[in-house]
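Asks: Residue-level listing of the chains:
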Amino acid sequence: MSRDRRRLPRDLVTRVGIALSAVFVVVAAGADVIAPHDPFAFVAEPFEAPSGAHLFGTDDLGRDIFSGVVHGARTSLVVGLGVAIASLLIGVTIGATAGFFGGWVDDLLMRFTELVQVLPRFFLALTVVALWGPNLANLVAVLALTSWELTARVTRAGVLSVRERDYVRAATALGVSRLAALRRHVVPNAAAPAIALATLQVGSAILVEAGLSFLGLGDPDAISWGYLLDNAQAFVRRAWWMAVFPGVAIALAVLGVNLLGDGFVERTDGRSATQFTGGRR
Amino acid sequence: MRRTTRLARLTSLFLAAAMIASACASDDDAADPGNPQEITDPTPANGSADGEATDDGEAEPDQDPESDEAPEPEQESESSGGTLVIALADDPGHFNPGITTGFNVHAVTGSIFNGLVELDDNANPLPDLATSWEVNADSTVYAFTLAEDVRWHDGTRFTSGDVKFTFENVLLQFHSRTKSGLENILESITTPDDATVVFTFSQPYAALLQRLNSTEAPILPRHIYEGVDDVQTAPQNLTPVGTGPFVFESYDVDDQVTLVGNDDYFKDGLPLLDRVVFRIIPDANTQLLALEEGEVDYMWRVPGAEVERLSTSDAITLYQANSGPGGGFCVPSLSFNLDREVFADVRVRQAIAHAIDQQQLLDQAIFGQGRIATGPISSQMAFAYTDDVTRYPRDLDLANELLDEAGLAGDSRPTLTLLLFPNFVKYGEIIRENLAEAGIDVDLQPLERSAFLPRVFGERDFDMNVISYCNNTDPSIGVSRMYVSDNIGDIPFSNAAGYVNADIDDLFNQAASTADVAQRSELYRQIQQLLVDELPYWWLLETQFVIGASSLVEGLQPHSGHVAETAQFVDG
Amino acid sequence: MTRYAFRRILQAVPLILGASVATWILIHVAPGDPIVALAGEDGNAEYYKRMRERFGLDEPLHEQLWIYLGDLAQGDLGFSFRQNRPATDVILGQIPATLLLVIPALALAVVIGVVLGAVAASHRGSMTDGLLRAVTLLGHSMPVFWLAQLLLLLFAVRFDWFPVQGRYDIRANHSGLRGVLDQAHHMVLPVTALAAVYLPPIMRVTRAAMAEALEAPYIVAARARGQSRRRALFRHALPNATLPVVTVIGSQLGFMIAGAVLVETVFAWPGMGRLLLGAMLNRDYALITATLLLVAIAVILVNLVTDLLYAALDPRVRHEP
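Residue numbers (our numbering), protein chains in the order written: chain S, 0 to 280; chain G, 113 to 684; chain U, -2 to 318.
Note that these hints are calculated values from the structure, not bench results.
There may be inaccurate statements among the hints.
As the list claims (entries may be wrong) - Okay, derived cross-link-like pairs now, EDC-like style, lysine to aspartate or glutamate, Cα gap no bigger than 20 Å in a straight line: (1) U/Lys46 to U/Glu56; (2) U/Lys46 to G/Asp555; (3) G/Lys538 to S/Asp220; (4) U/Lys46 to G/Asp232; (5) G/Lys538 to G/Asp516; (6) U/Lys46 to G/Asp233; (7) U/Lys46 to G/Glu295; (8) G/Lys538 to S/Asp105; (9) G/Lys379 to G/Asp555; (10) G/Lys291 to G/Asp232; (11) G/Lys276 to G/Asp342; (12) G/Lys538 to S/Glu44; (13) G/Lys538 to S/Glu47; (14) G/Lys291 to U/Glu43.
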């Protein structure tokens, strides 16, 4: 039993998360440089196994999968960040407004938040993409519009706890408009946990995109990991590499981002993750 | 100690709940064949209304669909027995083949219903419900003699009245291909006696026999559908009664459809199987896995990538067919929206034809399961096909040259939208890369049917699209619709290019209204040569169905609706 | 308590209404035309006009919405054109199959998740803890359908231990106990895939709740007095985790059903997943709306139950606004 007592550096897990996320971001940003080929171009014989020339092999049209995975990182990052940032903005705005102004504004916004929360995100995304067309813009839009409610709640809670603090009251007493006080004092303090939540959105968005592509609703003009996995499905016995590498890429990227988010959450609040993933208040 | 108890209790509680849940659900299903909404009343309804002699009222005891405890009802027939399991990609929804041309419905109903004739894999007619026929000199009158002693699955006698009823009350109203093809030229259907039916046309019509199989004109029971308010939503559509080799037994939505052998089938000695079960498995690769594992015996559309591997397998036999339930002789084609200025110059269209690598499409999009197309008519329709047309082989230099000549040099190379169904995305990807080499950017837009059809045929908002136009069993059925000037508009799979040419209209009209094969052949030859020069479309490939079946089954008819009519398991 | 309960239940009603209106509007403003999917492809203009009238598609939108809400109030979720039956019947027919995957997977995930969470909590900060967290988080990070495919390839194809698809063996057509066992055999792989993906949030929440509880002064004191670790863990800390676990299940419910859809596709399991996909691609409006609505209602109900449970156990909650 005592050997389990060997203490882990407190944030080893977070460090792993940072490392993975960093790799993800670097690969995504440097896709054009890192990828040896245009992921859409037919550069070799179809179904070549992984080799020196093609690290991850080629697909059914002779396209280099390594280049596909690298460019896919960029697409996934864009989708993930797009959703995270958009939902962060929406959530913080709504949460801060509700918390700061209170009263009927708060009530109305919170009712609205509840409504958005119960709508099933994946199914809505599926519906929108199936009916409006499988392009990434539609996907990012629908995900952003349905992912902000937790952020809003957290921001509101943060705002509520800070609103009554002395320095804010002092500021308003001195004549600073409520809105300015909101912006300058309240939001920065309340936003930290919201940012932490946002990082968790990145992973979730990437998984939804992959799932939709798997169902055949991916964007064919963009190379994304989900698209690669969908393409790989038909050839899974003939070319295992088509499915394995993109799948591993997704798992590692999402893992990295989740670990990072977890680390943020624990750090900004000290307390456990229960508050955010377990509680609804 | 306490911890174990607690944990153990918790675990056993959950497991018990799970087992109970699964037991309850499975009990429901095991008993499902008796689901009340699916039982056909075996005693037939009233007699026929127009006075013909009826001797219905005898429900054959061992055809009773209610006797359905899971294994076989006693069959004293000479069938060798066994259950054929067929994989189906999508739930049919209903079983009325007279109101739809959908593949999945026909895949199932092909075994339940018959047409007047059956077609072989080259679209030549063979007897089915009609044993013989006579056509008058100018092909305006077709007289069919019907088989004797044919019974519907509920015991009622089949008569010519059923044929007349089916055409007038169902097909000509709801079956899109039959309606659009025949309604203007069919003058009358008469039934001089129970075993004869006569079709009279207002102008010579050559292709009637190709429209009379179980896909194009399945015969439905008048005594069941007569007086029904709305054929399309009639509950009878869920409990089909036909004349075919297999009788409907049960339907579990999105799961499976079960048919049992028809002991009273009018073709002696058939069928040989006890049951046919259609199992719904949406993904082609899962179907293939199931086939290889022996869980399924037959599947349409083996994924091209696997064909090579399977062709050396002993356990699985591959069949190729030009058509299947719901249509065939398909030619995926690239349409040019001729309303768009960019396509006004024929050199642009020629350039695109030269840029596209048809061999690559053949190899990588369909894995060699087909041929390169040369024109609008499938090479498998021997009487009408000619290869004596202008060719557009892959030639990038020529493509670039033509584009330059047409005034689209360098930067003014266009960006073109390409719309297609999601299952043609591979074609789109290859075309996109091919055209990129000619400097043309392609914006690929996959859209599912409900979004695609209004945009292409309603709004005509596209530059190019890929559609698999199926010739079906005669050029007058599936080909002319793409080229005649009165078929442009909000009708799915009509003249997408918006092509207008009075000569072509004329030629097609002539070819449809003469029965002389040599003459038709010549007319279609002229049509092909003219169309290939004008290039309103670029015909990419001819596709085939590749069917995979267990080697233990013989006698399958993959091209026909009656897939399992003569099938049996060899090796006991 | 009763007043609080009443209030919460009352609050659920406008939510349900809001959800139904929102989903209905979403689907009906989508571009594209369902008439072709409904009425077949080779018809002509006059034919489609007739079909439109039949299906009520030519009424103005707000009229259609009004009719829909009226029907809804009577429990009528609309008519599925593709299946030719009321949407309610279609869905009720398919739900058992999906529940057959979701419920065992959930049960498995809860049992294993709680146990692992307990272990991690009692060794928090150590290698075991870190490892457990990372591994379970990995399960949560991979696409569930990818995991399902891997399991399929490995255990069904390579090792042939499990069947490849479906719910039961068609040919053998077992009934009774053998039928149950046959179904269970078919359930193993899909349930495993789902459970692996549901597990991590439950584990994390358990760990967090128990870790918190273990730090409480009275526990520390009890341990100092010599009480065994196990006793502390399971007697005092574990109950702390109950509510958070229930809560996290509620908040993850939509995600869990989505996972079931994907897994059903991989294994050709005849449940809600395929139904929904088919409805999407065929513009079966009634079925799409009905499914979205039902999932939303399920989430609302689970949240409601959770809230009431919280209120029953924690008096402070009842008096919050």
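Asks: Now tell me if each hint is right for this structure.
Replies: To see whether the hints hold, each was checked on the structure:
The straight-line distance between the Cα atoms of U/Lys46 and U/Glu56 is roughly 12 Å, inside the 20 Å bound, and the hint therefore holds. Restraint check for U/Lys46 and G/Asp555: the C-alpha separation of about 33 Å exceeds 20 Å, so the hint is violated. Between G/Lys538 and S/Asp220 the CA atoms are separated by roughly 12 Å; this keeps the pair inside 20 Å, and the hint holds. Straight-line distance between C-alpha atoms of U/Lys46 and G/Asp232 comes to about 37 Å, which puts the hinted pair past the 20 Å bound.
Of the pairs offered as hints, the one joining G/Lys538 and G/Asp516 is violated, with about 28 Å between alpha carbons and a cut-off of 20 Å exceeded. For a cut-off of 20 Å, the pair hint linking U/Lys46 to G/Asp233 is broken: about 36 Å separates their Cα positions. For the hint linking U/Lys46 to G/Glu295, the alpha-carbon distance of about 18 Å falls within 20 Å, and the restraint holds. With a C-alpha separation of about 51 Å, the suggested pair G/Lys538 and S/Asp105 falls outside the 20 Å cut-off, and the hint is violated.
Between G/Lys379 and G/Asp555 the alpha-carbon distance is near 54 Å, which puts this suggested pair outside the 20 Å criterion. Annotation: proposed proximity of G/Lys291 to G/Asp232 is violated, straight-line Cα distance about 23 Å (limit 20 Å). With a C-alpha separation of about 18 Å, the suggested pair G/Lys276 and G/Asp342 falls inside the 20 Å cut-off, and the hint holds. A threshold of 20 Å between alpha carbons decides the hint, and for G/Lys538 with S/Glu44 the separation of about 16 Å falls inside it, so the pair holds.
At most 20 Å may separate the alpha-carbon atoms for a hinted pair to count; G/Lys538 and S/Glu47 meet this at roughly 18 Å. For the given pair, G/Lys291 sits about 12 Å from U/Glu43 by alpha-carbon distance, which is consistent with the 20 Å threshold.
When each numbered hint is compared with the structure, violations occur for hints 2, 4, 5, 6, 8, 9 and 10.
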